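Below, each chain spelled out in residue letters.
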Amino acid sequence: NAGVTQTPKFQVLKTGQSMTLQCAQDMNHEYMSWYRQDPGMGLRLIHYSVGAGITDQGEVPNGYNVSRSTTEDFPLRLLSAAPSQTSVYFCASSYAEQGSTEAFFGQGTRLTVV
Amino acid sequence: KQEVTQIPAALSVPEGENLVLNCSFTDSAIYNLQWFRQDPGKGLTSLLLIQSSQREQTSGRLNASLDKSSGRSTLYIAASQPGDSATYLCAAFYGNNRLAFGKGNQVVVIP
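Protein sequences appear in the order of chains A and B. The first sequence begins at 1 in the numbering used here and counts up one residue at a time. The second sequence begins at 1 in the numbering used here and counts up one residue at a time.
Here chain B stands alone, though its shape is the one from the complex:
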């Protein structure tokens, strides 16, 4: 069974600090990885998608890396803002496009 773990489960940082969110997965047979953001009571918003042939993807202040050999992905958010407060979900693609999700990193950015 594919398992995805996200550490830390929750964190609070002062505004302006860089955020580092970690995701690890048990099976290196995953083929792609997607990071999502979820606000309380809302749906999933896709942030970044990393294909298996890539090692990282960037979008604005967000950067995500993927190391399949070590079973890890990291999401970096530069110069955090209060609007970045949300839960961040890591999802790994495995057989037949199924997704295995971590339980999320709940982030609070303090003004």
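So that you can see chain A by itself, here it is in the shape it has in the complex:
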């Protein structure tokens, strides 16, 4: 199993450009989420999904869109990139079964907006 796969690993964007960060998992997990990690701020939740077709906002959703058309994929779209979106982005998937749950993370995407 590949686990959680994020692409690309690195990206440089110009202010105002748009792009999509890809996230795919092969563990048939219901739950998927996106976090950003900034120095001194820790990891913060951007958007999350509890299943195909269902998404919701997290703590810092502004400037980002998500969709979940399949169980496997959860792309994160930056509509018009801003320097404040320079960060490391992590995608996670998790399961919940009879009180047991565990999160699995991708290797991250390091995004720089200039």
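Just so you know, these hints were derived from the structure itself, not from any lab. Since we're looking at a predicted model, the values are computed, not measured. Cβ coordinates follow ideal geometry from the N, Cα and C atoms, glycine included. Everything hinted at is true.
Only pairs whose alpha carbons sit at most 25 Å apart, straight line, appear in this in silico PhoX-like list of lysine-lysine:
1) B:K42 x A:K9
2) B:K103 x A:K9
3) B:K103 x B:K68
4) B:K68 x B:K1
Simulated restraints on C-beta separations:
5) B:P14 x A:M19: 42 to 48 Å
6) B:G83 x A:T20: 33 to 39 Å
7) B:S12 x A:T86: 26 to 32 Å
8) B:T26 x A:T7: 34 to 40 Å
9) B:P14 x A:Q17: 45 to 51 Å
For chain A, the structure is supplied; the task is to place chain B on it using the hints.
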């Protein structure tokens, strides 16, 4: 809002000393807690997962405890080694499998 605090933010210890890393959370409605390790510029590596029905988990030199009533978890690393130098992150599960992260304990083990 679920908040997670990790103390101390940074610490340096001589090799061989035991490490004690603390994590506290504001809402006892968390249902599980997971500890991660992160090396500089790298991703998150899962270390230990504690289910809400458990009070502790052990893996090799690592032991993590969870006390939901007091809102605390502790990660113990026995006989620290230079290879243990990293940032350790505590993450609490709450509604819809969302995770609330602490800002981390940055550890340096001095040979």
